[in-house]
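The hints should help you fit chain D onto chain Y, whose structure is shown.
Protein chains: 2
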Amino acid sequence: MLSVEQAIARLLADAPGPPASEPVPLAAARGRVLAVPLVATVDVPPADNSAMDGYALAAADWRGADQPLPLGGRVAAGQVGGDHTPHTVTRIFTGAELPNGADAVAMQENCRVDDDGVRVLKQPVAGDHVRARGQDTARGANVLPAGRRLLAQDIGVAASVGCAALPVRRRLRVAVVANGDELVEPGAEAGPGKIFNSNRYLLGALLGQWGFDVVDMGVAPDRPEVIAERFSHAADQADVVLSCGGVSVGEEDHVKAVLETIGQLSLWRIAMKPGKPLAYGRIGETPFLGLPGNPASALVTAMIIARPFLAACQGALPAETAPLMVDAAFTAPAPDRQCYLRVRHTGRGLEAYTNQSSGILLGASWADGLAIQPPGLAIEPGTPLQFLPWALLA
Amino acid sequence: MLSVEQAIARLLADAPGPPASEPVPLAAARGRVLAVPLVATVDVPPADNSAMDGYALAAADWRGADQPLPLGGRVAAGQVGGDHTPHTVTRIFTGAELPNGADAVAMQENCRVDDDGVRVLKQPVAGDHVRARGQDTARGANVLPAGRRLLAQDIGVAASVGCAALPVRRRLRVAVVANGDELVEPGAEAGPGKIFNSNRYLLGALLGQWGFDVVDMGVAPDRPEVIAERFSHAADQADVVLSCGGVSVGEEDHVKAVLETIGQLSLWRIAMKPGKPLAYGRIGETPFLGLPGNPASALVTAMIIARPFLAACQGALPAETAPLMVDAAFTAPAPDRQCYLRVRHTGRGLEAYTNQSSGILLGASWADGLAIQPPGLAIEPGTPLQFLPWALLA
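Those protein sequence lines, which keep their order, are chains Y and D. Heads up, the final residue of the first sequence is numbered 394 in the numbering used here, and it's a clean run with no missing numbers. Heads up, the final residue of the second sequence is numbered 394 in the numbering used here, and it's a clean run with no missing numbers.
Bear in mind the hints are in silico, worked out from the structure with no lab data behind them. Each hint should be verified, as a subset may be incorrect.
Claimed, not checked - When the alpha-carbon atoms are kept at most 27 Å apart in a straight line, the in silico BS3-like pairs for lysine-lysine are as follows:
#, chain 1, residue 1, chain 2, residue 2
1, Y, K122, D, K273
2, D, K256, D, K276
3, D, K276, Y, K122
4, D, K122, Y, K276
5, D, K273, D, K256
6, Y, K276, Y, K256
7, Y, K273, Y, K256
8, Y, K273, D, K276
Only a predicted model underlies this, so the values are computations on that prediction, with no experimental measurement involved.
Chain Y extracted, bound-state conformation:
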């Protein structure tokens, strides 16, 4: 059996190059993957400016709290800073350019305005309440790396250096094929022996959330020739084919046999629970990933195994944040495979859903995320576990 890490490493090593780059306006760039590094072509801020409403002056002109300096000018945000008259103060507002010759701002709360001028009550020091040119971003600096999945603040940063559009990777197209004669679509009547198809909607929602274009290929019945036709068609239309169900080696599991006819396939046994069987292969040049059909297995393998692979296919940098550790508030015996438990994060610690069966999806709606139980680790109250809130898997 492969460990989860080994399985992911194999997939990443086999990921094809990213899709082509295309420009998008800033308002549409959130969640997209930056194709090239963003280099600042301007300083931010573009000039020294005031961090406060107050009075700009040359700090060396200050002669004491009782010595007034006459008002020599006024500059508001959006106006040209102009020249500061020596031995005066210039009225200034937050965000306004510091006039040439001034080097400090006295907050208005620390000034007294009289007929004979403005008294600056605290001795100013050069640089006081001044935002220096380029202090946020210097011209020529790399502000965002290629492969960045753009957050709202990245959009703000791009705007702040004057970019109206960004080059991003075309969205990865991921085809979804559900397998199984037992599947009936929601809204229809589920007769005897049938169950409602949930994986199709679950996977579609996950892929949409991850920023991919979903190519919904519907349900393939358990007939090899139909599965082959469906998979080939999916591979023609998409960058990656994701299938769900039919990946075991049972006589009703046709995915393996079909893939060996129209492409190539390995059946992996991954030391994880839920989720052991996983099929990986190619149809022509198109990667194929076959997830297990049990809903909780489909969810967990999609989040833990498919997600980093698809992100690499999209050209996105891997996340580098450290694991979050939270103490368990429950007991579980040591497993032989790595378990991904559906848990809630409460004031007492992590609490586990009562039924961790791979057939049960409802626990994932009850839970706040997954906790990782490594093989061989028995859990007791107080055992620290790696916690993956759903949001970190989104």
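Only chain D this time, still in chain Y's reference frame:
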């Protein structure tokens, strides 16, 4: 000054009722807010079924590992379970309905198939490898609460109980108005005294990420009559008006005066950093929230203050997950206001961006999230801090 908690509590108490409900198909429901509880009208699974490929039997028929039972039938997933012949085994596959009269499944790995029948090598117990009818969801159970912001797994759960569409709240319409004569749009030329408008794109991206419809009202110059016209127009078109900049009490800050003319307004001083000044009021019936103009202040107040308020206006349940605590790997003196530090989560713990100025947005792109430093708490390496990964604020 108000604490952050007090400010949020005041806003929540004043949130108007949620928007109307509308049905959406499952494929479009992720991220939307459920308007009524989802009650299961079917059992999931709808009948007892097999969790394994193997042989179904009545456990009481077993006479020993060396006593073969003849093959009496076959049932695959999607087929009607039918009747099980006593004193035989029925070939069965994962997901297939258990035939009437059988009460256990023997895994095929534990069976030996010979010409004279199938030997079940381990004594079966009733219930072995059987997924009981309704074990995931029982008919009549509340599976999702009203106000739930729908996750991918919730979409899967809704599909599993046969729902093809869900009643959700119409998306909240949030108008964004940026204020300031110094603002130039990205892509244009920023002359002397001007800076690129970043908050408009930052807030637009945040609001989009939170699932709201953004009504972009552009930039209002620093002229009271134009601001008044812009705000009134925004209030007519949107459920909430969000403005950015101009909320101090300086003579160039017109938001307060304008709101007092066309509506009502309180100027709050919140004990948080970045972000102290916040304006809250109404234009007619439409809530108005005025965020500070510094980019890091705008980001933090939007995430910490505006987000829970807007979620309440949308009709969403508040998140109830416990705080994540991570040790600091840096030093910071005790502040008088609650600080929201831009931090990275590394193997050493939380590391803080070197410049925590409210004018600097780049730190938010560098960081993995915010750490909360309560007033009066000096931070040393090892001090546990509440950590808010960006994903939890998305």
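Discussion item. Going through the numbered hints above, which ones does this structure break? Give me the numbers in ascending order.
Written reply: 8
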